[in-house]
Amino acid sequence: MTTVAPSIPLKQRLAARGLDGLTLLVVPAILFVLLLFIYPFLYGLFLSFEPKAGGVFANYQRFFSDSFLYGTIATTLWLALPVTIVTLALAIPIAFRVRLMRNQRLLTTILVIPITLGTVLVAEGLLNYLGPQGWFNRTLMTLGIISSPVKLLHNYWGVMLSLVITGFPFTFLLTLSYLSGIDPALENAGATLGAGPWERFKHILFPLLLPGLAITFCLSFVQAFSVFPSAVLLGAPAGPTRVISIAAYQAAFEEYDYSMASAVAMIMAVVQLAIVVAVLAARGLLYRGPAGGGKG
Amino acid sequence: MTINAASFRELRLDRLSRDFGSHNALKDVSLTIGKGEFIALLGPSGCGKSTTLNLIAGLLPATGGGIWLDDKRIDPLRPEERGFGMVFQNYALFPHMSVNRNIGFGLKMRGVPKAEIDRRVAEAAALVRLQGQTEKLPGQLSGGQQQRVAIARAIVVEPPLVLMDEPLSNLDAKLRLEMRAEIRRIHNTLGATTIYVTHDQEEALSLADRIVVLRDGVVRQVGTPEDLFSRPDHLDVAEFMGFRNKVKGKVANAADGRATVAVGDAQIAGRTRTEVTAGAGAWLAIRPEDLQPVAAGQPGLDAQVVSTEFRGREFVGFARMADGTDLSFLAHDKLSPGEAVTLAADPDRVLVYGAAA
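In the order they appear, the protein sequences are chains R and C.
Everything in the first sequence is counted per my numbering, starting at 374 for the first residue and increasing by one.
Everything in the second sequence is counted per my numbering, starting at 38 for the first residue and increasing by one.
Just chain R, with the same shape it has in the complex (with noise of 0.2 angstroms):
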């Protein structure tokens, strides 16, 4: 005797694999992406192979062949890369100490305000503040530690300094949260089996911590290599802080080429695709499961 199993309405299976009237939910996002982020960026990536003169791949070639150009690769890596070092080697440490405080609101309040401030006020405030005729300059020579003033601005250190400020935050915050996601007893039992605060560090914190920092790295990067305000206010937009976004910035608004600026656009895109995936890639050999010391 053989029956057939009743089989299960659609609409069931559909939900068992989370289908359902709440998917629905998901449309206006989905259209929103798609409208603002997917359908320019497909816009301008087909724009770059149109060209004004010369075959599709003739932007590319240019970019390619013209060291003004493709040096601002090197240029925008050569910031992006050591200020999101920095501001990690600072966050790390500040992280650490806030953790551990009763008061943290007030603290974590102050070092996140640069990031409300902007991008250009900060850049207005350290012209004042690091000029020659600056604070900065006139305490060093007031204390005899320099003669003359320090040149900090419209170079490197400029803008260096001004994507710290306005980086650092964001770093703090997210590598806090990180940090905060850590079971403390796993340092109580680092320290009852006999590990000090640097070893402790070194083989229990850190190495839960690395997951998180290394998302912490990617977006921090990010960031950084898409700088444009700080660059033209406080590097010098000709020479040495010619970023990537001036030349695609140039391409568009003063040689009114679109197809360049795409190709450029582009080009900005893969370089920071390539680091992230290669960081990502590195951080899954790491371990990645729950920060906490048992089923609790």
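Calculated directly from the structure, the hints in this document are not laboratory data.
Backbone N, C-alpha and C fix where the C-beta goes; we use that ideal spot for every residue, glycine too.
One or more of the hints may lead you astray.
Chain R is faced by these chain C residues, among others (derived, beta-carbon under 10 angstroms) [claimed, not checked]:
hint	residue
1	G95
2	L144
3	A191
4	Q238
Let chain R serve as the given structure and place chain C on it in line with the hints.
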């Protein structure tokens, strides 16, 4: 593997205190623990038992008093300088390290050579019956296995003192019994001095050589499990030890450690545990299993049945006295709610505590 901390004879807590702001979590706790003893710190949550353990481990600084290991004062030392093994309530295994590396962590920190680490880790893993699991990450183990790793990690360094903070509270009932036997077996094998924190009196009674009952940050009683079980010094300790029925009365007469207490019209005899004088108020403490219905008219506590629950071999009855006092008792038959019962207990098993009024 044996624990041979030759230099250590006793651990002494000397008027140890800990305040959190204005709240005294621990008040002047003094206690001497001998080498090889298994001590249970027992009490309800918030009694200061975990605080005591953290003070001994060095994870919390004391705000008063001192901790001495023989003649050496250890409370100024940091936890990593004390060298005690600790088993945490949530195990606190390093999630990114294999079982082997977890167990070997303490040895590595002590600079033990690699070959010896491997040998001792294998021994410890065998002791807690974890052979074959040692390459796994903690997340791949069951709760009971994680607990075994935590124990192995704490004892492999052969610490003079093993501290356990409610190590079984996250396990299910069956595993809890198994691990309880396991902890006792490991203690018998190694003879490590152990301080075990729990809120479960059954666990404390079955494991410990001596039990320290804490309440509101104060030591209420220290004694062997037998002592505490049959001769609790205070009414609250008695309640915690299973004397769940508390009946208020007035002392009719008292002499030679015995007293008769008038409760309403009834006269109930019992053993006195604190000083009582005739005419003063007193509390009777009786275990539910010692309180049974007797024929009407016999001496006993009169009450009305509220409900009965079937418990396999017998029934547990719940009744209420005229003054509102609730009683639980042992019944052999199902009783109907509202029925009048007279409940009595063997005078040897009734404890009498003096009361203010």
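Cross-check of the supplied hints:
1. G95: holds, 7 angstroms
2. L144: Where the cut-off is 10 angstroms and the nearest Cβ of chain R is about 9 angstroms from C:L144, the hint holds.
3. A191: C:A191 check passes; min Cβ-Cβ to chain R is 8 angstroms, inside 10 angstroms.
4. Q238: Hint violated; C:Q238 Cβ to chain R Cβ min 24 angstroms, cut 10 angstroms.
Hint 4 alone, counting from the list given before, is not met by this structure.
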